[in-house]
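Undergrad: So the chains spell out like this:
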Amino acid sequence: MLLLDTPIALTFDEIVQRAELYAGRDETSRKSFERDKASLRSLGIEIATEIDEGDRGATRYKIDPEEYFLPDLDLSETERMALQFGASMVRLDAAWDEAAVLKIGDSKPLSLPSVVAEMPSLDALPILHSAMQSRSRVKLTYSGRARSIAGYGLFYREGNWYLSGEDEGATKVFRVDRIDGDVQAGAPASYELPENFDPSAQMPSDPLLIGAGDQTVARVLVDSVMAPRVERLRGGGVVERCDDGGVVIEVPVRNRDAFRSWVLGLRDHALVLEPADLVADVVAWLESMTEVR
Amino acid sequence: MPRASAEERLTRLLAIIPWVVERGGSTIAEIADRFDLPEGEVLSELSLVQCCEIPPYGPDNTLGIAVVDDEILVEPSAMLHRPLRLGPREGFGLLAAGRAASSVPGADPSGALASALDKLEAALGDRAPVVIDIDRPEALDELRGHVDQKRQIAMNYYAAYRDAVTTRVVDPLALINRDGNWYLRGHCHTADAERTFRVDRIEHIEPTGQNHDRALVDGAGRYAPGEDGQEVVLSLPHTARWVTETYPTVHVEEKARDLRVTMVVAGTVFLERLLLRVGPKARVISPPELVDVGARAASRLLDRYTAAS
Chain B
0 MLLLDTPIAL
10 TFDEIVQRAE
20 LYAGRDETSR
30 KSFERDKASL
40 RSLGIEIATE
50 IDEGDRGATR
60 YKIDPEEYFL
70 PDLDLSETER
80 MALQFGASMV
90 RLDAAWDEAA
100 VLKIGDSKPL
110 SLPSVVAEMP
120 SLDALPILHS
130 AMQSRSRVKL
140 TYSGRARSIA
150 GYGLFYREGN
160 WYLSGEDEGA
170 TKVFRVDRID
180 GDVQAGAPAS
190 YELPENFDPS
200 AQMPSDPLLI
210 GAGDQTVARV
220 LVDSVMAPRV
230 ERLRGGGVVE
240 RCDDGGVVIE
250 VPVRNRDAFR
260 SWVLGLRDHA
270 LVLEPADLVA
280 DVVAWLESMT
290 EVR
Chain D
0 MPRASAEERL
10 TRLLAIIPWV
20 VERGGSTIAE
30 IADRFDLPEG
40 EVLSELSLVQ
50 CCEIPPYGPD
60 NTLGIAVVDD
70 EILVEPSAML
80 HRPLRLGPRE
90 GFGLLAAGRA
100 ASSVPGADPS
110 GALASALDKL
120 EAALGDRAPV
130 VIDIDRPEAL
140 DELRGHVDQK
150 RQIAMNYYAA
160 YRDAVTTRVV
170 DPLALINRDG
180 NWYLRGHCHT
190 ADAERTFRVD
200 RIEHIEPTGQ
210 NHDRALVDGA
220 GRYAPGEDGQ
230 EVVLSLPHTA
240 RWVTETYPTV
250 HVEEKARDLR
260 VTMVVAGTVF
270 LERLLLRVGP
280 KARVISPPEL
290 VDVGARAASR
300 LLDRYTAAS
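Taken in sequence, the protein lines are chains B and D. Numbering-wise (numbering that gives the first Met the number 0), the first sequence opens with residue 0 and increments by one. Numbering-wise (numbering that gives the first Met the number 0), the second sequence opens with residue 0 and increments by one.
Bear in mind the hints are in silico, worked out from the structure with no lab data behind them. On a predicted model such as this, the values are computed, not experimentally measured, just so you know. Keep in mind that a hint or two might mislead.
[Claimed, not checked] As a list, the in silico EDC-like pairs of lysine to aspartate or glutamate whose alpha-carbon atoms are at most 16 Å apart: (1) D:Lys280 <-> B:Asp256; (2) B:Lys138 <-> B:Asp181; (3) B:Lys138 <-> B:Glu165; (4) B:Lys61 <-> B:Asp25; (5) B:Lys138 <-> B:Glu167; (6) B:Lys30 <-> B:Glu76; (7) D:Lys280 <-> B:Glu286; (8) B:Lys171 <-> B:Asp197; (9) D:Lys118 <-> B:Glu76; (10) D:Lys280 <-> B:Asp35; (11) B:Lys61 <-> B:Glu13; (12) D:Lys118 <-> B:Glu286; (13) B:Lys61 <-> B:Glu26; (14) B:Lys36 <-> B:Asp73; (15) B:Lys138 <-> B:Asp179.
[What the hints assert, rightly or not] Sample of chain D residues lacking proximity to chain B, with all beta carbon distances greater than 10 Å (derived): (16) Ala31; (17) Glu70; (18) Ala100; (19) Ser102; (20) Asp178; (21) Arg194; (22) Gln209; (23) Glu230; (24) Val232.
[Unchecked claim] Chain B regions said to be covered by chain D (calculated; three or more residues, Cβ under 8 Å): (25) 120-134; (26) 207-214.
Even for Gly, the Cβ is constructed at its ideal location relative to N, Cα and C.
In isolation and in its complexed conformation, chain B is listed as follows (with noise of 0.2 Å):
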């Protein structure tokens, strides 16, 4: 609050003299100010800093009001109710979105929703968030290799969140999950959000059109049993319907790698049928799955 209503900005040491929260001028009392400023950063609370060139250059403090309140969202009554009851739909593992709604909610809903979603919260999805926000590069680790990415927006898909954004003059995708290590955010205003960017468009829902590879497709014999759920789930795709109750389908592959793992999870209940060369891959597959027995 000293921070929050002082006209000028103040040193550690007028903080320490007016706001008799510290000690003294000591190391021990400078790092509980230096954890304090960071537990504050870390609830959203900008602390302002300026050089005072006429105190031995001593750093100054100040909390801007602005950046200190919650803005007025102007939410109507429903819209507070709907946007409450909306995160009580989510749980996030990290309940970041019950805090917030302590911020802004009035009342709790008055039953509790039928249909949840579950959702991973990782430490680095805000700090991504916020420096795409901001227009900041991330730098970050991924794959092994240490990048540096213009974030463009953040997609969450069959329960993983991915990040899409500019590395090395080329439009990426990289799973959250699997960064290594720390995210930093670098200096603001360094790149510009392309137009109309849809961050889930980057990548096919389709696992297997994932990649550069040739599409082809692939003529599946699906028995009885997976019949129903196989044309649910891919959305048809049926050319032939057998009299047992099974079918056969067509189904675009890209990434053969996916389109094996796919049939082999289906096991006795699907059998590939055409092109001869993804037959000839499941088969030499098993093979060599065979041999090692």
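Since the structure of chain B is provided, determine the placement of chain D on it from the hints.
TA: Relative to the frame of chain B, chain D by itself:
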């Protein structure tokens, strides 16, 4: 209840004070209920700020917190009338949760939630796209109706661990999206217990004409192998790390040449599927009777390809 960290306590405190001021005072019970605190801890939490000085500072100008009977009163201060800015985690958390909520069945994409999210996004500053891509299986809307109306259903269900389609009578209780899949949590009359069913494995849903009055007992409902589960130790190539990210494991050991993964499997069907997908570099280390599972499954499938050629 685990003890909150100093940062969590500070966050909570920064929310409690404006909340109490806004109401002109609150009872200990109200604060405990609103902020999920034991009543006995409310006063000790507030005592943290009892001695904070406020402008114009000095011992006579502390943050005034008074306890009258069981009511907490906080001396109003201009600084306490507005809620605090959302931190990066809170802002992102609320935005992500709101976007996810607007993707699930029953949400109105152009309704109050959508306009609230637009306002929140504008307040958070420059827009940075956050997209929540949650799929909506065909049966989801129908199941939601049965859950909300407490209608008992009969359904066919593909039980992956048995590799067979079974017929169940279920009292549907909740729908949960977890790890990218939708699950129905319900009381299964076959098992006479709560069970979790993957929605994309449900077929032929028919209301029985009966209604139920059950409430959800175990909201978590995470899959756990039953008593017939068997512990296996696998050697997997490092490229198969996705296995440890996808399935529950007991232990994972990083070795120079492989990953040693201990997991509990409910039958050989799951194990066959896993080994076929990972391929020749996957091996069962133990138990001895399962060492050949992958090779036998591969041999069986090869016979089908030979017969078809």
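Undergrad: Next, verify each hint and record whether it holds.
TA: Verification of the hints:
1. For the suggested pair Lys280 of chain D and Asp256 of chain B, the alpha carbons sit about 14 Å apart, so the restraint of at most 16 Å is met.
2. Note on Lys138 of chain B and Asp181 of chain B: the hinted pairing holds, with a Cα-Cα distance of about 8 Å set against a maximum of 16 Å.
3. Restraint check for Lys138 of chain B and Glu165 of chain B: satisfied, since their Cα atoms lie roughly 12 Å apart, inside the 16 Å limit.
4. Simply put, Lys61 of chain B and Asp25 of chain B have alpha-carbon atoms about 21 Å apart, too far for the 16 Å limit, and the pair is violated.
5. A distance of roughly 12 Å separates the Cα atoms of Lys138 of chain B and Glu167 of chain B; the hinted pair therefore holds under the 16 Å criterion.
6. Proximity of Lys30 of chain B to Glu76 of chain B is assessed by CA-CA distance (about 44 Å); at most 16 Å being required, the pair is judged violated.
7. As the CA atoms of Lys280 of chain D and Glu286 of chain B are separated by approximately 13 Å, the hinted pair is consistent with the 16 Å bound.
8. A threshold of 16 Å between alpha carbons decides the hint, and for Lys171 of chain B with Asp197 of chain B the separation of about 13 Å falls inside it, so the pair holds.
9. Between Lys118 of chain D and Glu76 of chain B the CA atoms are separated by roughly 13 Å; this keeps the pair inside 16 Å, and the hint holds.
10. A distance of roughly 51 Å separates the Cα atoms of Lys280 of chain D and Asp35 of chain B; the hinted pair therefore is violated under the 16 Å criterion.
11. With a C-alpha separation of about 12 Å, the suggested pair Lys61 of chain B and Glu13 of chain B falls inside the 16 Å cut-off, and the hint holds.
12. Distance restraint check for Lys118 of chain D and Glu286 of chain B: the Cα-Cα separation of roughly 59 Å exceeds the 16 Å cut-off, and the hinted pair is therefore not satisfied.
13. Proposed proximity of Lys61 of chain B and Glu26 of chain B is contradicted: the alpha carbons are some 21 Å apart, above 16 Å.
14. For the suggested pair Lys36 of chain B and Asp73 of chain B, the alpha carbons sit about 30 Å apart, so the restraint of at most 16 Å is broken.
15. As the CA atoms of Lys138 of chain B and Asp179 of chain B are separated by approximately 11 Å, the hinted pair is consistent with the 16 Å bound.
16. No Cβ of chain B approaches the Cβ of Ala31 of chain D within 10 Å, the least distance being about 13 Å, so the stated non-interface status holds.
17. With 10 Å as the threshold on Cβ separation, the claim that Glu70 of chain D sits away from chain B holds: the shortest Cβ distance comes to roughly 19 Å.
18. Its beta-carbon lying about 3 Å from the closest one in chain B, Ala100 of chain D breaks the requirement of being farther than 10 Å from that chain.
19. Remark: the non-interface label on Ser102 of chain D conflicts with the geometry, its nearest Cβ contact in chain B lying 8 Å away (cut-off 10 Å).
20. Non-interface call for Asp178 of chain D relative to chain B: violated, since the shortest CB-CB distance, roughly 4 Å, does not exceed 10 Å.
21. Consistency note on Arg194 of chain D: stated as away from chain B, and its beta-carbon is indeed over 10 Å from all of that chain's, at 17 Å minimum.
22. For Gln209 of chain D, the non-interface assignment is confirmed: its Cβ lies about 18 Å from the closest Cβ of chain B, beyond the 10 Å cut-off.
23. At roughly 22 Å, the least C-beta separation between Glu230 of chain D and chain B is larger than 10 Å, which holds for a residue marked as non-interface.
24. No beta-carbon of chain B comes within 10 Å of the beta-carbon of Val232 of chain D; the shortest separation is about 17 Å.
25. Under the rule that three or more residues need a Cβ within less than 8 Å of chain D, the assignment of the segment 120-134 of chain B holds, with 10 such residues.
26. Coverage of a stretch by a chain is defined here by at least three residues with a beta carbon nearer than 8 Å to that chain's beta carbons; for the segment 207-214 of chain B and chain D the count is 0, and the condition is violated.
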